Structure formats: C-alpha cells, structure tokens
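Asker: On the provided structure of chain A, position chain Y as indicated by the hints.
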Amino acid sequence: NAGVTQTPKFQVLKTGQSMTLQCAQDMNHNSMYWYRQDPGMGLRLIYYSASEGTTDKGEVPNGYNVSRLNKREFSLRLESAAPSQTSVYFCASTHGTGYGYTFGSGTRLTVV
Amino acid sequence: EDQVTQSPEALRLQEGESSSLNCSYTVSGLRGLFWYRQDPGKGPEFLFTLYSAGEEKEKERLKATLTKKESFLHITAPKPEDSATYLCAVQAARVESSRGSTLGRLYFGRGTQLTVWP
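Protein sequence lines correspond, in order, to chains A and Y.
Start counting at 1 in the first sequence, then tack on 37, and there's your number in the numbering used here.
Start counting at 1 in the second sequence, then tack on 4, and there's your number in the numbering used here.
Hints are not guaranteed to be accurate.
What the hints assert, rightly or not - Think about it this way: if two alpha-carbon atoms lie no more than 20 Å apart in a straight line, the pair counts; the simulated SDA-like pairs of lysine to any residue are:
1. LYS61/Y - TYR136/A
2. LYS46/Y - LYS94/A
3. LYS46/A - LYS46/Y
4. LYS46/Y - GLN74/A
5. LYS94/A - ALA97/Y
These are computed hints drawn from the structure, not numbers from a lab.
A quick note: this is a predicted structure, and the numbers were derived from the prediction, not measured.
In isolation and in its complexed conformation, chain A is listed as follows:
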C-alpha cells in the first residue's frame, strides 16, 4: 500500500528554470492538496483539487500552477523558479470533508 507518492525527493534548480513536481495516490481519494513547509511558517496551502476536474487556489498560489491529470495524479509546476520558492513541498489527499489527510514524504527543493 504505497499511499501518496511524490517525485522527485530532492531537486536543485537555478533561478528561472522550470520544473514539475509529481504526486500520485492509490487510495481512490477525491481531494488532493499541495502544501509548502518553511521553518517557522508551518504548512501553507498552495493549490488544491476538491475533486477530479477542479482546482482552486490556496493561501500562497503565486508562481505555481497545478494540473489534476486524473483521480490519482495531481502535479505542481513552477514556471520560473525563484529563491523564495526554496522549501519542502508536500502533497496530500483525502476522501473529503471530515477525513484526515494522507501526506507524501515530500520534495525538498532548493532554488539557487
């Protein structure tokens, strides 16, 4: 039972480069989320998808785009990376309201 799988686990980008963070869940969950975690800031929501075919902005969406490719997969794209996007990124999924989230193991991104 893999749960939520994120790739890659580590990445170093130069300012201005682009990349896509991948997330897949095998629990048949409806909702998926992308968070970033920074020291002293806690987890902040970037984008989420309440169900297949829908996406919405969270607290800190600027500089990011997302795609809910199907029910299993939810990707996060950085079009032009900036040093301020250096962070740990977590993908999470849930059946819906009232259920706990299952998190992936994270992607550690450094933008230089």
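Answerer: This is chain Y only, laid out in the frame that chain A set:
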C-alpha cells in the same frame, strides 16, 4: 481570518514525565480538529480527528481532547520514540469568499517540537 495557535513551540521532557501540548483555534463553524505527528525529513502522519467539544481519543501514550476553543494532546509517560513535531489543524465549515471556497481545507498551526530524553 481563521487561526490556529500551538504552544509551546518546543518542549523537552524526561522519559516518563507527562505533559500536554495545546492547540487553540478560532474558526467559523468547526468541522474537525486534527492532530498529526511529523518526524524529521518525513511527511505528517495522521493521529486523531476530533469533531465536537467533549470528545476524547486515545492512542498508546497519547490522548487528545477538545473544547470549544482549544484542544490538548496529553502525553503520558513519554518515551524517546515519542520525540517529533506535533501539528494541529482545523477544518472549518464552508466559507465562500473572493478567494474561493474553504470547504475541506485544513488550517495548520506551526507545531510543537517535542524532545524526550532518556
């Protein structure tokens, strides 16, 4: 604006020394309060969900309680393997705004870093 505040930021306990972590919240219509454990270099791991004031849940040495304004995570006779960061999150009733719907979204506190030494 919904807020979740956790205290203390850091807590050091000797093995066997019981204590409590606090999570205070202000939301418009609580749908659920969640506790997570996060180990270094890993994603948060779900522990408990509490839905209404007066509710309690237990798992091994951990017990979570909920009032209308706060939740406590009580740790009884902790062991070094209980060392981790404990996160609290709240889920509010649907709020529609220019920023979109909040239904289903969790708002996280900054966590309490617990260290248990032998």
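Asker: Does each hint fit the structure? Answer for all of them.
Answerer: Verification of the hints:
1. LYS61/Y - TYR136/A: holds, 15 Å
2. LYS46/Y - LYS94/A: Measuring from Cα to Cα gives roughly 25 Å; hence the hint is violated.
3. LYS46/A - LYS46/Y: Roughly 11 Å between the alpha carbons, so the hint for LYS46/A and LYS46/Y holds.
4. LYS46/Y - GLN74/A: holds, 11 Å
5. LYS94/A - ALA97/Y: holds, 18 Å
The structure fails hint 2 only (numbered hints given earlier).
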